[in-house]
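Chemist: Listed here are the chains, written in short residue letters.
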Amino acid sequence: MSLWVDKYRPKTLDELSYHEGLTTRLRSLANSGDFPHLLVYGPSGAGKKTRISCVLRELFGKSVERLKIDQRVFLTPSKRKLDVNIVQSNFHIELTPSDVGNYDRVVIQDLLKEIAQTQQVDLSAKQRFKVVVINEADLLSRDAQAALRRTMEKYMSNLRIILCANSTSRLIAPIKSRCLLVRVAAPSLEEIQAVLQQVAKNVGFDLPPEASEKIAEESNGNLRKAMLVLETLKMQSKDLNSPLLTIPKPDWESYCHKVADLIMSEQTPAKVMEVRGKFYELLSHCIPPTVILKTVADRLVDKMDESLKADVMYWAAFYERRMRIGNKKIFHLEAWVVKVMSLYKVMCTSIY
Amino acid sequence: MFGHQQKNVQPAVDERTQPWVEKYRPKTIDDVAAQEHTVSVLRKALSSTNLPHMLFYGPPGTGKTSTILALARQLFGPDNFKSRVLELNASDERGISIVREKVKNFARQTPRAQAVASDGKTYPCPPYKIIILDEADSMTQDAQGALRRIMETYARITRFCLVCNYVTRIIEPLASRCSKFRFKPLDMSSTSTRLAQIALSEQVQVTNEVISALVSTSAGDLRRSITYLQSASRLSSSTDPPAPITLRDIQEIAGVVPDEVMNNFASSLGADSIPSIFSKLEKQDFDTIRQQVKSIMREGYSAAQVLSQLHDLIVQHPVLTARQRSACALAFGDADHALCDGADEELWVLQVALRVNKAIS
Ligand SMILES: Nc1ncnc2c1ncn2[C@@H]1O[C@H](COP(=O)(O)OP(=O)(O)OP(=O)(O)O)[C@@H](O)[C@H]1O
Ligand SMILES: Nc1ncnc2c1ncn2[C@@H]1O[C@H](COP(=O)(O)OP(=O)(O)OP(=O)(O)O)[C@@H](O)[C@H]1O
Ligand SMILES: [Mg+2]
Ligand SMILES: [Mg+2]
Numbered sequence: 001m002s003l004w005v006d007k008y009r010p011k012t013l014d015e016l017s018y019h020e021g022l023t024t025r026l027r028s029l030a031n032s033g034d035f036p037h038l039l040v041y042g043p044s045g046a047g048k049k050t051r052i053s054c055v056l057r058e059l060f061g062k063s064v065e066r067l068k069i070d071q072r073v074f075l076t077p078s079k080r081k082l083d084v085n086i087v088q089s090n091f092h093i094e095l096t097p098s099d100v101g102n103y104d105r106v107v108i109q110d111l112l113k114e115i116a117q118t119q120q121v122d123l124s125a126k127q128r129f130k131v132v133v134i135n136e137a138d139l140l141s142r143d144a145q146a147a148l149r150r151t152m153e154k155y156m157s158n159l160r161i162i163l164c165a166n167s168t169s170r171l172i173a174p175i176k177s178r179c180l181l182v183r184v185a186a187p188s189l190e191e192i193q194a195v196l197q198q199v200a201k202n203v204g205f206d207l208p209p210e211a212s213e214k215i216a217e218e219s220n221g222n223l224r225k226a227m228l229v230l231e232t233l234k235m236q237s238k239d240l241n242s243p244l245l246t247i248p249k250p251d252w253e254s255y256c257h258k259v260a261d262l263i264m265s266e267q268t269p270a271k272v273m274e275v276r277g278k279f280y281e282l283l284s285h286c287i288p289p290t291v292i293l294k295t296v297a298d299r300l301v302d303k304m305d306e307s308l309k310a311d312v313m314y315w316a317a318f319y320e321r322r323m324r325i326g327n328k329k330i331f332h333l334e335a336w337v338v339k340v341m342s343l344y345k346v347m348c349t350s351i352y
Numbered sequence: 001m002f003g004h005q006q007k008n009v010q011p012a013v014d015e016r017t018q019p020w021v022e023k024y025r026p027k028t029i030d031d032v033a034a035q036e037h038t039v040s041v042l043r044k045a046l047s048s049t050n051l052p053h054m055l056f057y058g059p060p061g062t063g064k065t066s067t068i069l070a071l072a073r074q075l076f077g078p079d080n081f082k083s084r085v086l087e088l089n090a091s092d093e094r095g096i097s098i099v100r101e102k103v104k105n106f107a108r109q110t111p112r113a114q115a116v117a118s119d120g121k122t123y124p125c126p127p128y129k130i131i132i133l134d135e136a137d138s139m140t141q142d143a144q145g146a147l148r149r150i151m152e153t154y155a156r157i158t159r160f161c162l163v164c165n166y167v168t169r170i171i172e173p174l175a176s177r178c179s180k181f182r183f184k185p186l187d188m189s190s191t192s193t194r195l196a197q198i199a200l201s202e203q204v205q206v207t208n209e210v211i212s213a214l215v216s217t218s219a220g221d222l223r224r225s226i227t228y229l230q231s232a233s234r235l236s237s238s239t240d241p242p243a244p245i246t247l248r249d250i251q252e253i254a255g256v257v258p259d260e261v262m263n264n265f266a267s268s269l270g271a272d273s274i275p276s277i278f279s280k281l282e283k284q285d286f287d288t289i290r291q292q293v294k295s296i297m298r299e300g301y302s303a304a305q306v307l308s309q310l311h312d313l314i315v316q317h318p319v320l321t322a323r324q325r326s327a328c329a330l331a332f333g334d335a336d337h338a339l340c341d342g343a344d345e346e347l348w349v350l351q352v353a354l355r356v357n358k359a360i361s
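In order, the protein sequences belong to chains A and B. Take my numbering: the final residue in the first sequence is number 352, and no numbers are missing along the way. Take my numbering: the final residue in the second sequence is number 361, and no numbers are missing along the way.
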């Protein structure tokens, strides 16, 4: 049985709710015959992936949904073998660089050339080109991005690329220059509520407006999160009509809040040690370090005195950046905690 | 792996389905817009058929790849192009040994001139081969170093053309062996002339306002402005009757943050674009600013775009002192650098917002 997020995911452009203007634009591009390379970007859970699948469906028709998974072997320059699973239909192929690690350039290079040099001879195909969807494109290494450049131009008659990313700042300028940028904004509160209501209707239960409003507010514009929360509440058979309804937080989030509380409770080496333990725990559960840092920081500024808030965020940005460049995430998380503790302590003692 | 496919078919080019960037790629060097200096030097080289090693550098979409391909085509014509021109780009394997091998093989076959080509024209067909190393800035230092020797060994029968965005990433010994050509971001009038030509031959109605929006949003990158134009025209022709292309269409396609959003943001930082005598520049509370930043980031605008528009507002702000402007400038500089390092966009937009607010209150 699939989750609601998958089960009720729109499949065609017509089924998409919200951002009607964008939907119209995508439809006109898909029907024009000279579809460009796309770079689809926007915050998490805004519906990028969903929109991309709908565009593919518009381009190629229903058979694009028939997916198969292929095991492929690639050879690195040092002759190491790389096994990669590749999801594809007859018309498109999907790649996620994080599946390939440091060798994303090799895979991109080989795969794209192979596709580029073959031509669609399936006469029933609606387009002459194949589409390569690259998820998490902002995680592509610089080398892999460079490898895309000329390929995107040279083989344009056989190949279109759709890049999907949370942000555009990690993509090199020549790549952005070769794509049409498509921004997918997070849905508004009302739009999220409308989707939730639609899901409730499809499942067949009554969702009180107060409950859907609460869920939407807690979701921070992330539709996936909102839908997951709704399903969880329903599974736990919570009374959706109750005015006391609380939205469950994921464990890692409560854990981050605990870290913030620890930082404010006492500013001693012992607490730093305790916080480190919590960080390790979070990291070992694959919570991205940036998410940890931002969640703790958000909680801290909610509780701290106005005079400290700007400083806490200043150092959050400072150490998050170091974390990106550096290797040991934990060092930078901890350095930030120590910084915040010392700021907080200075402020507390200066009051008395 | 692809059941319905057949290998190695040369793509047949269909004009109708070709994106305009490719359709309007310059075919001859005289067709290259702007870059007058480069073109005039190359035109001389074309008539004397003597070519130095060359290094083309400049930002994306300014005509580097187009120019060298056009020049090569004009030198050798369609028949000899394949045997005389070797293009290696970042998507090719370019380790030292591979480059040496390829160049060696390629350069070994001695060129033979052929006067009249199959299309009935005569081409100069000078007695050397051209090796284009496109996107050379992504080659490793070692590979570049090895290239030096290769260039010397085969100097008699090959000419190299290195193409890159950042000339500083090419090692000095290599750069100094080449005549350098800088490709400038396209100036306003060349861009608008080119766009107007394309619009005319594609029969798209564009106003001057739209053209100038295309020019300003693409910042000298002609490829980008052509893509915007094509996508806007698809959108407009998707309705019946076609809706005219508007300024806002272009801004939306280019990811520009609407003015009202930016003005709102600036005024929450105390930097109203039209300061009245009543609005004191006062320090806003943290939560207001954080909310503003969160809501802008939720819209998905890229941080670089937001910061560059905020920067414009601050620079043009009528009443700020020099000291205040400098403090803001430092914040913008730090943030740009951080974003290049891949730092979190929201954290850095917030940091700039807070620092700007502090500086001007
Ligand atoms: N337009 C829409 N109408 C209704 N439901 C939608 C729409 N867009 C997305 N959804 C729902 O939201 C869920 C999340 O969307 P999606 O996976 O496309 O997000 P995303 O932007 O790719 O997120 P991420 O960046 O985290 O990968 C989908 O599973 C789908 O059920
Ligand atoms: N100077 C120019 N004159 C005419 N057309 C141009 C010019 N510059 C760019 N274009 C247009 O933009 C497209 C891309 O140009 P080109 O491939 O030459 O850019 P580039 O400088 O090599 O960029 P990159 O650094 O991204 O590789 C061309 O197909 C053409 O349509
Ligand atoms: Mg996704
Ligand atoms: Mg180029």
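Bear in mind the hints are in silico, worked out from the structure with no lab data behind them. Note that this is a predicted model, so its numbers are computed, not measured. Hints are supplied without guarantee of correctness; some may be wrong.
[Unchecked claim] If you anchor each label on the Cβ, the simulated ranges turn out as follows:
1. B:145 / A:126: 47 to 57 angstroms
2. A:194 / B:26: 28 to 38 angstroms
3. B:18 / A:72: 46 to 56 angstroms
4. A:188 / B:209: 49 to 59 angstroms
5. A:188 / B:246: 18 to 28 angstroms
6. A:73 / B:30: 42 to 52 angstroms
7. A:204 / B:203: 47 to 57 angstroms
8. A:217 / B:98: 39 to 49 angstroms
Where a beta carbon is used, it is the ideal one built from N, C-alpha and C, also for glycine.
Chemist: Against each hint, give a clear statement of whether it holds in the structure.
Modeler: Hint check results:
Here the CB-CB span from residue 145 of chain B to residue 126 of chain A is close to 49 angstroms, well matched to the stated 47 to 57 angstroms. Remark: the range hint 28 to 38 angstroms for residue 194 of chain A to residue 26 of chain B is contradicted by a beta-carbon distance near 49 angstroms. Separated by about 30 angstroms at the C-beta atoms, residue 18 of chain B and residue 72 of chain A break the suggested range of 46 to 56 angstroms. Between residue 188 of chain A and residue 209 of chain B the beta carbon distance is about 30 angstroms. The supplied range of 49 to 59 angstroms is therefore violated.
For the pair residue 188 of chain A and residue 246 of chain B, the supplied restraint of 18 to 28 angstroms holds, since their beta-carbon distance comes to about 23 angstroms. In this structure, residue 73 of chain A and residue 30 of chain B meet the distance hint of 42 to 52 angstroms, their C-beta atoms being roughly 48 angstroms apart. Distance hint for residue 204 of chain A and residue 203 of chain B: a CB-CB separation of about 52 angstroms, consistent with the stated range 47 to 57 angstroms. Look at residue 217 of chain A against residue 98 of chain B: about 57 angstroms separates their beta carbons, and that is not inside 39 to 49 angstroms.
Of the numbered hints given earlier, the model fails hints 2, 3, 4 and 8; all others are met.
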